[in-house]
Amino acid sequence: MPQLLLELFSEEIPARMQKRAEEDLARLFGERLKAAGLEAKGLRTFSSPRRLGLAIDDLPAKAADVSEEKKGPRVGAPEQAVQGFLKSAGLSSIDQAQIVEDKKGAFYVARIGRAGRATAAIVQEIAPEIVRAFPWPKSMRSGASDLTWVRPLHNVLCLFDGAPVKIEIDGVGVKPETWGHRFHAPGPIKPKDFADYAARLRGANVLIDREERKAIILEQARALCAAKGLELVEDVGLLEEVAGLVEWPVVLLGEMDPAFLDLPGEVIRLSMRTHQKYFAVRDPKAQKLAPHFIVVANVEAKDGGKAIAAGNARVLSARLNDARFFWDADRKTPLYTEARREKLKQIVFHQKLGSVWGKVERVKALARELAPVVWAQHGPPAFPPAGAFATESAFVAAVERAAELCKMDLVTETVGEFPELQGQVGRQLYLLELNAEPPRGEGEQVAQAIEDHYRPLGPNDRVPSDPVAVALALADKLDTLVGFWAIDEKPTGSSDPYALRRAALGVVRMLVGAGIRLPLSESAFRAVRAFVNVVMTTTTTHETVEGPHGPGTATITVSRTAFEAEELVRDLLAFLADRLKVQLRDQGKRHDLVDAVFAPNPVTKEVDDDLVRIVARVEALDAFLKTEDGANLLAGYKRAANILAAEEKKGKGLAAADIAAGLDAKLLAEPAEKALYEALEKALPAARAAVEKEDFAAAMKALSGLRSPVDAFFDKVLVNAPEEEIRRNRLLLLSRFREALSAVADFSKIEG
Amino acid sequence: MSDKPPRCFQDVILTLQAYWAGQGCAILQPYDEQVGAGTLHPATTLRALGPKPWRAAYVQPSRRPKDGRYGENPNRLQHYYQFQVILKPNPPDLQQLYLNSLVRIGIDPLLHDIRFVEDDWENPTVGAWGLGWEVWCDGMEVSQYTYFQQVGGLDVRPVSGELTYGLERLAMYVFGVDRVFDLPFNDPDSPCPLTYGDVFLENERQQSRFNFELSDPDMNLRWFNDAEATAKRLLEAGAVLPAFDYTLKASHLFNLLDARGVVSPTERQSFIARVRDLAKGCAGAWAESQQ
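Protein chains in written order, with our numbering: chain A, 1 to 752; chain B, 1 to 291.
If you're looking for bench data, these hints aren't it; they were derived computationally from the structure.
Computed from a predicted structure; not experimentally measured.
Check the hints yourself; a few may be wrong.
Said to hold, decoys possible - Below 25 Å or equal to it, Euclidean Cα-Cα: the simulated DSS-like pairs (lysine-lysine) are:
#1 A/Lys228 - A/Lys345
#2 A/Lys306 - A/Lys138
#3 A/Lys650 - A/Lys626
#4 A/Lys345 - B/Lys280
#5 A/Lys581 - A/Lys674
#6 A/Lys626 - A/Lys674
#7 A/Lys716 - A/Lys674
#8 A/Lys605 - A/Lys649
#9 A/Lys138 - B/Lys280
#10 A/Lys192 - A/Lys228
#11 B/Lys4 - A/Lys332
#12 A/Lys682 - A/Lys638
#13 A/Lys302 - B/Lys66
#14 A/Lys306 - B/Lys4
#15 A/Lys749 - A/Lys649
#16 A/Lys285 - A/Lys302
#17 A/Lys343 - B/Lys66
#18 A/Lys682 - A/Lys650
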């Protein structure tokens with residue numbers, strides 16, 4: 001079948017937009033062709049800095065013929081109706097219509113056949129429409145033309161079945177031509193078809209396939225490094241970008257002055273990556289950056305690339321000189337200076353939440369309270385011991401120190417120039433300071449905490465592992481969450497400008513990962529109190545009311561937005577719980593089990609706010625339900641719950657007074673109901689005691705003892721006994737069984 | 001001289017002037033107000049507006065008080081030159097015309113790596129933006145290339161192509177000089193060979209002192225308010241060009257205040273908004289006069 005080739009030839013398309021543009025082009029063309037009755041087989045797209053295009057291997061020469069039946073008036077209908085029908089069906093005489101009989105009589109029917117349109121005509125119509133409305137992230141006009149495109153669009157090459165299709169777009173050329181590499185082969189090329197197009201462009205120093213360009217860059221870069229005993233620091237995002245900056249990749253290894261290697265590695269890598277789009281190179285033996293870089297040029301230079309490599313090296317030197325200027329200025333003083341503190345007071349964290357220094361003071365106060373909880377943690381071995389600290393008070397002091405220091409680097413020159421390095425610069429500066437001033441042990445943990453308290457920076461980033469960093473990161477994130485909750489800037493489905501989901505997920509991952517038993521509601525209230533004590537007293541009015549969690553927590557006025565602290569904490573906990581739910585589901589935990597554990601206890605209505613315990617419960621429940629006892633017990637639960645619900649529906653359910661009165665053991669007659677009663681009397685306290693000790697496996701085991709009495713009860717006992725007293729008593733027995741299971745989870749949420 | 005590759009800083013300027021004169025540009029002289037960028041010359045900011053065709057090229061000294069480094073940084077200056085070209089409407093082959101100008105100053109595109117890297121230009125103080133690129137030569141940004149889309153908050157029709165060459169940087173690259181003050185300013189074989197430092201080093205030292213230590217913020221604030229009031233009064237009187245001069249004065253006074261670090265982030269936004277309002281007023285009035 002015939003082939004379609006389309007190339008939109010323009011000035012340089014931003015690298016970051018090319019891939020998405022290919023996807024949009026494929027989608028829009030696919031949709032429009034389908035709507036026109038054409039099936040596109042073998043559709044592929046391509047892009048480079050100067051071209052965006054698509055080829056379809058298999059496209060019918062014309063759309064399928066369409067035949068349509070149009071029902072008209074009854075035979076013998078008034079002339080007016082017949083004339084109207086002829087007009088709407090496009091017939092000149094009623095003889096052209098057929099007469100069809102059905103149950104109601106004879107009707108005129110017009111059979112209208114429309115020949116399918118030629119594909120070329122369809123492409124000619126849809127291509128300009130797609131181009132005019134193309135969804136570029138940003139587009140522009142050029143010259144006097146009204147067309148908007150990402151950059152000036154110069155020519156549209158369109159071939160269908162080898163023949164040019166004239167795509168009319170104002171101000172844009174329609175030559176059946178393309179042009180090769182801007183400098184190597186600028187002359188025109190007249191391709192016959194897609195294969196010819198790709199081959200002749202390759203001959204003209206243009207590779208249209210971005211995957212091929214990426215592969216070449218990676219392969220050449222690795223080879224150049226390997227030849228010097230070095231290795232490439234691979235970077236997927238940078239590779240994608242660089243492949244969008246060249247049509248003919250030529251990879252060169254440049255050298256830089258080794259003297260720059262005393263700058264922090266992050267500064268060097270960032271200078272290379274963001275400003276210059278270079279790949280860094282590592283010396284595998286020395287385990288550090290090598291004084292080299294990889295640059296990808298777009299030209300095979302006459303001198304083999306010597307001038308290009310040398311020029312790029314000079315530019316990098318100038319950049320690193322700048323960076324060194326900032327770094328040297330920063331390292332003249334210790335990390336903490338009064339001047340920096342004063343500057344932090346000038347930086348607004350959020351208009352309604354005070355300055356960055358205000359945040360530091362709150363975080364410090366909160367960290368002081370959270371640190372003992374972290375210190376007390378001697379849980380899973382994944383969490384290292386509290387390091388160099390001999391006593392809890394030494395540990396708490398280190399956490400406070402880290403809190404004071406953690407935002408200082410925001411006002412350094414280096415972070416001013418490279419904002420991505422926040423935290424890392426602080427750590428480096430503090431380490432330098434320690435070098436001058438031994439001993440180091442505790443200090444290194446503080447330094448690490450300065451860097452790590454921002455972590456995790458995304459779902460794939462590691463969470464802080466050192467206890468100082470954990471305490472600080474928890475305090476920082478809880479402060480942020482409570483603050484934005486207080487001013488009602490919560491994330492919505494589509495927008496989360498303050499990355500609050502990430503902060504909440506960070507809290508969840510830290511607590512669960514390290515097994516830290518932090519009662520979250522209490523901690524959140526502490527964070528609220530920190531706002532009251534540190535910021536609100538000085539910047540806004542507040543009211544202190546005695547609340548269930550101590551003073552200072554009931555009603556707070558933040559910038560005239562009143563909120564209930566209770567409400568806030570409840571809402572925030574639900575948000576944190578949602579993050580944990582998502583995480584557990586992502587780990588493949590059954591969502592219904594997660595829901596069963598998260599649900600408020602059906603009897604006590606209490607909600608668990610200890611994430612570590614929640615996870616343990618989900619795991620125990622999961623294991624239990626996989627056993628035969630567990631599965632049968634669940635079936636028994638469902639049966640009991642159904643009966644209770646059915647009776648309720650009939651208006652014959654248990655009244656509150658019945659439940660309060662409890663069941664009457666004397667009314668138990670059948671052996672099977674007596675046995676169930678006795679089993680419950682044994683299992684319920686045992687399960688509760690095990691839950692109390694947080695031994696959820698033991699709790700499940702205690703419940704599993706109920707399995708055979710329950711099975712026997714349903715086998716042998718008729719719940720709906722004729723005597724009302726006995727019926728009610730049996731319902732009470734089932735209700736008690738349901739309650740027993742509630743001690744570990746809300747079984748009603750479990751499917752199966 | 002135009003056939004030989006340039007040998008000194010001023011050759012670069014003369015070569016570019018001759019080249020763009022050959023493309024039909026009016027070669028103008030620097031505007032006699034202190035400005036932060038060549039774009040602010042009325043030959044660009046105002047002439048980009050309205051339907052009338054326009055082609056001009058000129059050198060513009062640019063002052064950025066905050067960038068002063070007392071002459072101690074090899075790359076940063078608080079006073080430097082930009083070469084500015086504007087063609088309205090942009091001809092379809094503007095990219096090629098631009099590349100030819102690089103060849104004229106001695107950059108061979110088959111020896112060097114010339115790249116157009118996305119960079120959307122924006123000047124919030126005059127409410128202007130456009131799409132285009134930074135042009136890189138071997139990783140060095142040598143020009144800014146922009147298709148203006150809005151000026152003073154108004155859509156421009158037709159669109160102008162605007163080229164800004166960073167002259168010092170370009171010359172440092174072409175002559176392989178690492179410190180701006182070492183650039184040969186005039187012909188190195190002249191009986192009186194001068195470097196860029198001979199001409200400007202002392203100026204950088206003294207002006208940096210002024211920008212960071214000696215300027216009078218209270219006075220500059222008063223002058224800013226006066227310049228703003230005057231620009232508004234002139235606009236009301238229908239005197240757009242003088243009003244634009246006072247807008248430029250206000251903009252520079254703000255930059256001086258900013259260099260002294262006396263402008264808080266919140267105030268900063270408000271100063272920028274005030275200058276933008278003046279610029280918008282001028283742009284609107286000018287565009288109307290051009291219809």
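Consistency of the hints with the structure:
Taken as a hint, the A/Lys228 and A/Lys345 pair is broken in the structure, with Cα atoms around 50 Å apart against an allowance of 25 Å. Proposed proximity of A/Lys306 and A/Lys138 is contradicted: the alpha carbons are some 37 Å apart, above 25 Å. For the given pair, A/Lys650 sits about 35 Å from A/Lys626 by alpha-carbon distance, which is inconsistent with the 25 Å threshold. At most 25 Å may separate the alpha-carbon atoms for a hinted pair to count; A/Lys345 and B/Lys280 exceed this at roughly 34 Å.
As the CA atoms of A/Lys581 and A/Lys674 are separated by approximately 40 Å, the hinted pair breaks the 25 Å bound. Straight-line distance between C-alpha atoms of A/Lys626 and A/Lys674 comes to about 28 Å, which puts the hinted pair past the 25 Å bound. Pair hint A/Lys716 plus A/Lys674 holds up; C-alpha atoms about 12 Å apart against a cutoff of 25 Å. As the CA atoms of A/Lys605 and A/Lys649 are separated by approximately 23 Å, the hinted pair is consistent with the 25 Å bound.
For the hint linking A/Lys138 to B/Lys280, the alpha-carbon distance of about 23 Å falls within 25 Å, and the restraint holds. Using a Cα cut-off of 25 Å, the hinted pair A/Lys192 and A/Lys228 is violated, with the two alpha carbons roughly 44 Å apart. As the CA atoms of B/Lys4 and A/Lys332 are separated by approximately 49 Å, the hinted pair breaks the 25 Å bound. For the suggested pair A/Lys682 and A/Lys638, the alpha carbons sit about 21 Å apart, so the restraint of at most 25 Å is met.
Between the alpha carbons of A/Lys302 and B/Lys66 the distance comes to roughly 41 Å, so the proposed pair goes past 25 Å and is violated. Pair hint A/Lys306 plus B/Lys4 holds up; C-alpha atoms about 24 Å apart against a cutoff of 25 Å. Proposed proximity of A/Lys749 and A/Lys649 is supported: the alpha carbons are some 20 Å apart, at most 25 Å. With a C-alpha separation of about 35 Å, the suggested pairing of A/Lys285 with A/Lys302 is violated against the 25 Å cut-off.
Distance restraint check for A/Lys343 and B/Lys66: the Cα-Cα separation of roughly 18 Å lies within the 25 Å cut-off, and the hinted pair is therefore satisfied. Restraint check for A/Lys682 and A/Lys650: not satisfied, since their Cα atoms lie roughly 32 Å apart, outside the 25 Å limit.
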